[in-house]
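2 protein chains.
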Amino acid sequence: MQVFENGVVELEHVKLLEATNDEHGGVIVEMEEPMAPQAFATVLTASMLHWKHQGKRGVWIKLPINLVNLVETAVKAGFWYHHAEPNYLMLVYWIPETANTLPANASHRVGVGAIVLNDKREVLLLVVVEIFPDWGVSSSHGEKSGKFQAIGLWKIPTGIVDEGEDILKAAMREVKEETGIDTEFLEILAFRQSHKSFFGKSSLFFICMLRPLSFDIQKQEQEIEAAQWMPLEEYAAQPFVQKTRLLKYTTELCLAKTNKSYTGFLPHPTTSIFGNRPGYLYLNSQDLSLSNCDD
Amino acid sequence: MQVFENGVVELEHVKLLEATNDEHGGVIVEMEEPMAPQAFATVLTASMLHWKHQGKRGVWIKLPINLVNLVETAVKAGFWYHHAEPNYLMLVYWIPETANTLPANASHRVGVGAIVLNDKREVLLLVVVEIFPDWGVSSSHGEKSGKFQAIGLWKIPTGIVDEGEDILKAAMREVKEETGIDTEFLEILAFRQSHKSFFGKSSLFFICMLRPLSFDIQKQEQEIEAAQWMPLEEYAAQPFVQKTRLLKYTTELCLAKTNKSYTGFLPHPTTSIFGNRPGYLYLNSQDLSLSNCDD
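So the sequence lines, in the order shown, correspond to chains C and D.
Letter by letter, the first sequence follows residues 1 to 295 of the UniProt record's numbering.
Letter by letter, the second sequence follows residues 1 to 295 of the UniProt record's numbering.
Don't read these hints as lab results, they were simulated from the structure.
Glycine included, C-beta positions come from ideal geometry on N, C-alpha and C.
Zero decoy hints are in this set.
Straight-line alpha carbon distances no greater than 16 Å define the calculated EDC-like cross-link-like pairs of lysine to aspartate or glutamate that follow:
1. C:Lys196 with D:Asp162
2. C:Lys196 with D:Glu85
3. D:Lys62 with C:Glu85
4. D:Lys196 with C:Asp162
5. D:Lys169 with D:Asp182
6. D:Lys196 with C:Glu85
7. C:Lys196 with D:Asp22
8. D:Lys196 with C:Glu165
9. C:Lys62 with D:Glu85
10. C:Lys196 with D:Glu23
11. D:Lys155 with D:Glu122
12. D:Lys196 with C:Asp22
13. C:Lys76 with D:Glu72
14. C:Lys176 with C:Asp216
15. D:Lys196 with C:Glu23
16. C:Lys155 with C:Glu252
17. C:Lys196 with D:Glu163
18. C:Lys196 with D:Glu165
19. D:Lys260 with C:Asp287
20. D:Lys196 with C:Glu163
21. D:Lys76 with C:Glu72
Facing chain C, from chain D, some residues (calculated, C-beta under 8 Å):
22. Trp80
23. Pro86
24. Ile167
25. Ser272
Residues on chain C that point at chain D, a partial pick, calculated with CB under 10 Å:
26. Leu91
27. Val92
28. Val161
29. Asp162
30. Glu165
31. Phe198
32. Tyr249
33. Ser272
When you get a sec, could you build the whole thing from the sequences and use the hints?
Next comes the structure, spelled out in structure tokens:
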């Protein structure tokens, strides 16, 4: 077998794409070097025949964005899109006659809201400059004049959980980034699932309880207009909070928590069933104490 | 303004792409009709100038897979990938000089495991034919012979939560699909977050408790080899369950639940802060009773 620089291997005088086996009877091709679309079409056709002969199942082709000129060739060969990130596109093909068992694409964004409560029953709140477009009158040319309106509202720190990031770490990170406050993660009080957050994707939002380890607020980001410790009762009494059920419930959870009459889910480090992939199991540990979760 | 069939509009003799405004000061172009790449390049350049002049921010281009020949043109114009589904690719561009505030791509797959317990303290279990490749010795030609091994293990029904699907509905659906049993959703006992489930994406797995509404098992899917009601203690005593912490914890949760000494999170229908986007808020309702969650 001869291996060429551009990721092509030659097998009995037939050039094939270099591929690695995945754990499910399929192959993964990670294209890295530029190739002319016609040359890619030829080597892809030969490779597909080879993999079919081998009894392979799913075929994955990862194309970095700089090899965008090969996307059309792959689609013409029968591949379809599986997922994409800013710098690459993953295409896939299923060789067997049977229905495919390919893993589904990621379907949910995950967000966190951090309730940081100090010993004086004060909660850490922010005013964020949020931008809402206020579309003007459409002109006869179809143009729209937009003016942007900044509204202020005292709210808890929130943010998005990054791919590969633990929920508890995301909550602590967001608080630190937005206010400079160091925290200890306590528990998840509740969470909410909703749909169509953007382009059909769903979302999960975790309401977390944290204990502050520092107290001097230092605003860290441009979009934050103000940050302060506010007495919990004062926050809860705000008209906007009172009339917005989701915010009202959040403050009720928080009040119940401070009265020690509410138990949420605590994180326990665990590995997966086959011993790999560390992660956290969140459960009601007041009702069920698990001795040393990890091996 | 003149509108052409292929989604191009003419504005003061300059052809532009037809776009709709999004809620964040950007525009969305949904390409539907075929166009030559060169024509697309020309109209895209003119459109970008127009949107920049208008003070637009994010520009989204949704290309169905049959318009794959336009992907390269968009990337050459500075667009990058945002996300993809089997039948389309979403590209994006950020016009302002400031850092982009575009929404992140979905980062998590969401799964459910369903503990269905009947009045006789029996739990609904399955044997699934799971396929693990057992790679043979690599030949001198780089070929690998694969043989597939089927292993059996009594497990609870599990599955993936579809985009746009409620967790509680996914749990009930999986049980119905796999065993024919109708159920009522009770609560979420615990959940686990882990990472790198495939291609860098993270996953959330919710362990749900359900009550059966019917009792005659009817296997529904090919990959299910057997299904039965098994006494909970017998299931918990299996060596594989005992030595696998995550399964052991699950059975402990289940035993605690049957002894009425464990409270998980119950779903409450709620709308989002601005009154739209229905969803479910999951919380410990034994500790905090929320009157009529929805307006």
